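A.B. asks: Construct the entire structure; sequences and hints are all you get.
If you read the protein sequences in the order shown, they are chains A and B.
To convert, note that position 75 of the first sequence is 178 in the working numbering; the numbers rise steadily by one, no gaps.
To convert, note that position 42 of the second sequence is 90 in the working numbering; the numbers rise steadily by one, no gaps.
The reader is advised that the hints may include incorrect statements.
Covered stretches of chain B (in silico footprint by chain A; criterion: 3 or more residues with CB under 8 angstroms from a CB of chain A, positions within the stretch not fixed) [stated by the list, open to error]:
#1 150-163
#2 489-500
#3 506-519
Here are a few chain B residues that sit away from chain A, every Cβ distance over 12 angstroms (derived from the structure) [claimed, not checked]:
#4 Pro142
#5 Ala324
#6 Glu354
#7 Gln414
#8 Lys479
#9 Ile561
#10 Thr575
#11 Glu666
Quick list of in silico lysine-lysine cross-link-like pairs, PhoX-like style, CA-CA up to 20 angstroms [stated by the list, open to error]:
#12 B/Lys369 <-> A/Lys156
#13 A/Lys156 <-> B/Lys462
#14 B/Lys468 <-> A/Lys156
By construction, these hints were calculated from the structure, which means they are not laboratory data.
Just so we're clear, the structure is a prediction, and the values are computed from it rather than from any experiment.
Note that beta-carbon positions come from the ideal geometry of N, C-alpha and C, so glycine has one too.
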Amino acid sequence: MNEEIKKGSVGISERSHQLLVSLVKQDGIFTYDQPFESIVEAFRFAFALGYSKNNKNDKTGTHVTVAPRQFVVTEYLELLREELHSSKKSLGGLISEYAEGGCELIFVAQTEHTPVLHLLE
Amino acid sequence: MRLTHLVLYNIGPFRGRHIIDLSHTNNSTGFAFFAENGRGKTTVYNAMRWCLFGEVRERAKTIAGKRIEGSLRPMVGDEGKILMNDQAYHSDSPQEMSVVLFAEGSNGTIQVSRTVSSSSKFARMDSEMNLQLDVTIGSEPLRTGSEGQEAIESFFPRELERFFFIDGEALEEYTEMMQSSSIDGLQTEVNAVLGIPALVKGKDDLTTIRQTVKSKIEKSSKALKQSSTARDEIFSVKRELKSKLELVDKKQTDLKTVSDKLDTTIEQMKTHEELAPLIEELKTLDIQIDMKQSNLAETANDKVSESKYAWQVLLWIRGEKLHSQYLEEQKKMNDRERAIQSTEEDIERLIKSITDVTGICDKCHQPLPDIELYRDSLKKELERLNSVLVRLQSEDTYSTKDLTIKLGDLEKLKPQKDTKERILKSQSKWKKVVNDLETLEERKRNLNSKITDEAKANVAELGELKGRLEATQVKREQDLKAARNDAQMAEMELKRLSRLTGNASEDKESLEINRIVGKLQLAIKDTISSYQEKARVEVEKRSSEVFKKLINAPDVYTGIKVDKNFKTKIRNSKGGFERSPSSGMVSMMTISIIDALRQVSGIDAPVFLDTPGRSLDEKHKKELLEYFWQSEGHQFLIFAHSGEYGIEETVKDFKGKLAKAWTLTLPSDHKSCYLPNCESDDVLHDVYAKKNTCQACQHEWDLTSKETMILEVKT
Numbered sequence: 104m105n106e107e108i109k110k111g112s113v114g115i116s117e118r119s120h121q122l123l124v125s126l127v128k129q130d131g132i133f134t135y136d137q138p139f140e141s142i143v144e145a146f147r148f149a150f151a152l153g154y155s156k157n158n159k160n161d162k163t164g165t166h167v168t169v170a171p172r173q174f175v176v177t178e179y180l181e182l183l184r185e186e187l188h189s190s191k192k193s194l195g196g197l198i199s200e201y202a203e204g205g206c207e208l209i210f211v212a213q214t215e216h217t218p219v220l221h222l223l224e
Numbered sequence: 049m050r051l052t053h054l055v056l057y058n059i060g061p062f063r064g065r066h067i068i069d070l071s072h073t074n075n076s077t078g079f080a081f082f083a084e085n086g087r088g089k090t091t092v093y094n095a096m097r098w099c100l101f102g103e104v105r106e107r108a109k110t111i112a113g114k115r116i117e118g119s120l121r122p123m124v125g126d127e128g129k130i131l132m133n134d135q136a137y138h139s140d141s142p143q144e145m146s147v148v149l150f151a152e153g154s155n156g157t158i159q160v161s162r163t164v165s166s167s168s169k170f171a172r173m174d175s176e177m178n179l180q181l182d183v184t185i186g187s188e189p190l191r192t193g194s195e196g197q198e199a200i201e202s203f204f205p206r207e208l209e210r211f212f213f214i215d216g217e218a219l220e221e222y223t224e225m226m227q228s229s230s231i232d233g234l235q236t237e238v239n240a241v242l243g244i245p246a247l248v249k250g251k252d253d254l255t256t257i258r259q260t261v262k263s264k265i266e267k268s269s270k271a272l273k274q275s276s277t278a279r280d281e282i283f284s285v286k287r288e289l290k291s292k293l294e295l296v297d298k299k300q301t302d303l304k305t306v307s308d309k310l311d312t313t314i315e316q317m318k319t320h321e322e323l324a325p326l327i328e329e330l331k332t333l334d335i336q337i338d339m340k341q342s343n344l345a346e347t348a349n350d351k352v353s354e355s356k357y358a359w360q361v362l363l364w365i366r367g368e369k370l371h372s373q374y375l376e377e378q379k380k381m382n383d384r385e386r387a388i389q390s391t392e393e394d395i396e397r398l399i400k401s402i403t404d405v406t407g408i409c410d411k412c413h414q415p416l417p418d419i420e421l422y423r424d425s426l427k428k429e430l431e432r433l434n435s436v437l438v439r440l441q442s443e444d445t446y447s448t449k450d451l452t453i454k455l456g457d458l459e460k461l462k463p464q465k466d467t468k469e470r471i472l473k474s475q476s477k478w479k480k481v482v483n484d485l486e487t488l489e490e491r492k493r494n495l496n497s498k499i500t501d502e503a504k505a506n507v508a509e510l511g512e513l514k515g516r517l518e519a520t521q522v523k524r525e526q527d528l529k530a531a532r533n534d535a536q537m538a539e540m541e542l543k544r545l546s547r548l549t550g551n552a553s554e555d556k557e558s559l560e561i562n563r564i565v566g567k568l569q570l571a572i573k574d575t576i577s578s579y580q581e582k583a584r585v586e587v588e589k590r591s592s593e594v595f596k597k598l599i600n601a602p603d604v605y606t607g608i609k610v611d612k613n614f615k616t617k618i619r620n621s622k623g624g625f626e627r628s629p630s631s632g633m634v635s636m637m638t639i640s641i642i643d644a645l646r647q648v649s650g651i652d653a654p655v656f657l658d659t660p661g662r663s664l665d666e667k668h669k670k671e672l673l674e675y676f677w678q679s680e681g682h683q684f685l686i687f688a689h690s691g692e693y694g695i696e697e698t699v700k701d702f703k704g705k706l707a708k709a710w711t712l713t714l715p716s717d718h719k720s721c722y723l724p725n726c727e728s729d730d731v732l733h734d735v736y737a738k739k740n741t742c743q744a745c746q747h748e749w750d751l752t753s754k755e756t757m758i759l760e761v762k763t
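C.D. replies: Next comes the structure, spelled out in structure tokens:
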């Protein structure tokens, strides 16, 4: 059970990054559906959404790295341990795939004018 | 003036009512009352004084050159010599005393009635007595009280009383007054006779008037000074007032300008009246939007705050299953560990049993049968347990520590129980506010589409202008009020100054009065001096005439000298003055002077002489009556002690001159019957009953009675 886990880095596509940026609250603007304080929070939400719906997406094209100091991948190791074993992916890589998958779901929700937080239901 | 009747009631020794009839038909002027001491001569004399002047004084005294008035005799009381009859005072209720005097004067019949009666049941002092004075003169109406007194003094001045009521016992005092260098001589009397006291009083009054006038003049001069200062000030105050009134005008104009502008603005605002409700609604909407926006910021921030844990909710959807698996795993692991431990303990116990089996029973200590069989069964069980233990230990599973860490890591991801609900609630709240805000903004857009920007700007501008103008109007009203107050103050000051200048004219009237009064004072002073000199000459002349008649010795004495200080001396025929005249001579001189003064006074009134012959010898006593009881003269009443003048001799000597005479006696004075028509000597004297009874007319009289009787003497 003490197999080696590769941490890897977290990142998402530029498109998804733009989406996440659009979900971060801007000073003085309150009417937009921007429920997150920072890009890291938005990323964490996207990852959690992808993971909860078991929706992964491999990023394509240019990707943007998410600040590693603020997003500690090992905090989610226990959730992904088995999948890591089977997939041989790095922890960061798997998280990034789930995040990308989460962003896909958010895109769809936005298209349907569903508020982001309604994705909790 | 001639007395006709005198009515005495309860005065002195006169109990009850006594009427003295002084009327007579011939021209005789003499009247005489004869009595022993204590029979009431002086009472009759005093009764007339009391009736006329309301008071009776003890004899005056001269102390250190000054005449000291005698003290007042009380009417009632337990101390001093009272005027009221003793018995009336002690026994009557009400206590009453009265004297009524009838006379004939140039204005007709004069009637003076003075009565006192007690106001309380038993009066002990004068203040408890009611006084009633009634005076009738001719056909004039009845006068009472102070008016009555004034009427009496119009024909009988009080200050001249002592020239008509002459106290013979006080003649020495008069003499002393006339001769001593230490007292004022006759000056006071002469002044009184000439009415100089009135003049002096007039002079004093004029001095007071002059002082008042002078103070008025001073006041007016002060006012004049103030007026001069005021005149100087008035110019600058007028200038000040002018500028203040100009300021008031300016302020009024300013106010009118702003009021006009305000009216115009209000008029203009009326043209936009239809927009007013819309603008009002817009204002309301703006307020609501502002509130919603603030609400929106709050709900948006709440949502952000709650969303921080949204990822936990999502992760836990799958994480919870894993967490449950680990918990199950942990349970299984605990069960295996407990099974291993139990198996190990069983193995240990079994090994010990195999080793410890001896083949002897512990209870009965007999050798056990089939011991070897028993040992084999134990060994088989041991083998089974060992194989169970091996199987248990060989199972592939997590260590306790690993599982605890895993569970710990997973639990860090676990959301709180109501996180999801809170997040969704915050989302829904925010969304509602967003929707509300959109609705409000939609309404605002709709309203805005109905009001043109220009109209809106106009209304806003006019509203703002109106507010500004209203504020300016209030300020200008205050400015105007202040300016008016200032002007009013200046006006008041101007009025004050004008009053000062107006009132300050020279008080010409007062100056004139002052001048006239000054002259009058001088004139009175001169008049007094001149009158005094004339009076001195007149008194000297008249008294010399009287004196010469009285002493009837023109060869020896030529008259009386009255010097400028009103000191008197008897002139002798040698042109000098009598250095040591006899006391009778001096008394005659005194009487001459008194009579001269009476003549000079011009008062037509009877003369009352009490104890006239006290210090005179027989010759002078006779001469005195000879002179005074002249026909056609004033009534002359003497109140004589029988030692001064014998009744019979007097009646005989002065027959024709003596109009009427009376004796004042007590009943005990009479040894014969005193009734006028009887006069019998046949009287029975009852020593025990203390009474006399006339045997002729049976008249009885009480010898202990103290009630004086007035009996007329046949003349």
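A.B. asks: Could you run down the list of hints and mark each one as holding or not?
C.D. replies: Okay, the hints, checked on the actual structure:
1. Taking a C-beta to C-beta cut-off of 8 angstroms, the stretch 150-163 of chain B contributes 0 residues in contact with chain A, too few for the three needed, and the coverage statement is violated.
2. Figure legend: the stretch 489-500 of chain B, annotated as covered by chain A; annotation inconsistent (0 residues with Cβ-Cβ distances under 8 angstroms, at least 3 required).
3. Restraint check on the stretch 506-519 of chain B versus chain A: 0 residues with Cβ-Cβ distances below 8 angstroms, three needed, restraint violated.
4. Interface exclusion of B/Pro142 from chain A stands, the closest Cβ pair being 117 angstroms apart, more than 12 angstroms.
5. For B/Ala324, the non-interface assignment is confirmed: its Cβ lies about 31 angstroms from the closest Cβ of chain A, beyond the 12 angstroms cut-off.
6. A beta-carbon of chain A comes within 12 angstroms of the beta-carbon of B/Glu354; the shortest separation is about 8 angstroms.
7. Interface exclusion of B/Gln414 from chain A stands, the closest Cβ pair being 59 angstroms apart, more than 12 angstroms.
8. With a minimum CB-CB distance of about 7 angstroms to chain A, B/Lys479 fails to clear the 12 angstroms threshold, and the non-interface call is violated.
9. Here B/Ile561 stays apart from chain A, with its beta-carbon at least about 100 angstroms from theirs, past the 12 angstroms limit.
10. Look at B/Thr575: its CB is around 119 angstroms from the nearest CB on chain A, clear of 12 angstroms, so calling it non-interface holds up.
11. Listed as a non-interface residue, B/Glu666 keeps its Cβ farther than 12 angstroms from every Cβ of chain A; the least gap is roughly 152 angstroms.
12. For the hint linking B/Lys369 to A/Lys156, the alpha-carbon distance of about 14 angstroms falls within 20 angstroms, and the restraint holds.
13. Pair hint A/Lys156 plus B/Lys462 holds up; C-alpha atoms about 17 angstroms apart against a cutoff of 20 angstroms.
14. Of the pairs offered as hints, the one joining B/Lys468 and A/Lys156 holds, with about 16 angstroms between alpha carbons and a cut-off of 20 angstroms not exceeded.
Violated hints, listed in ascending order, are 1, 2, 3, 6, 8; each of the other numbered hints is respected by the structure.
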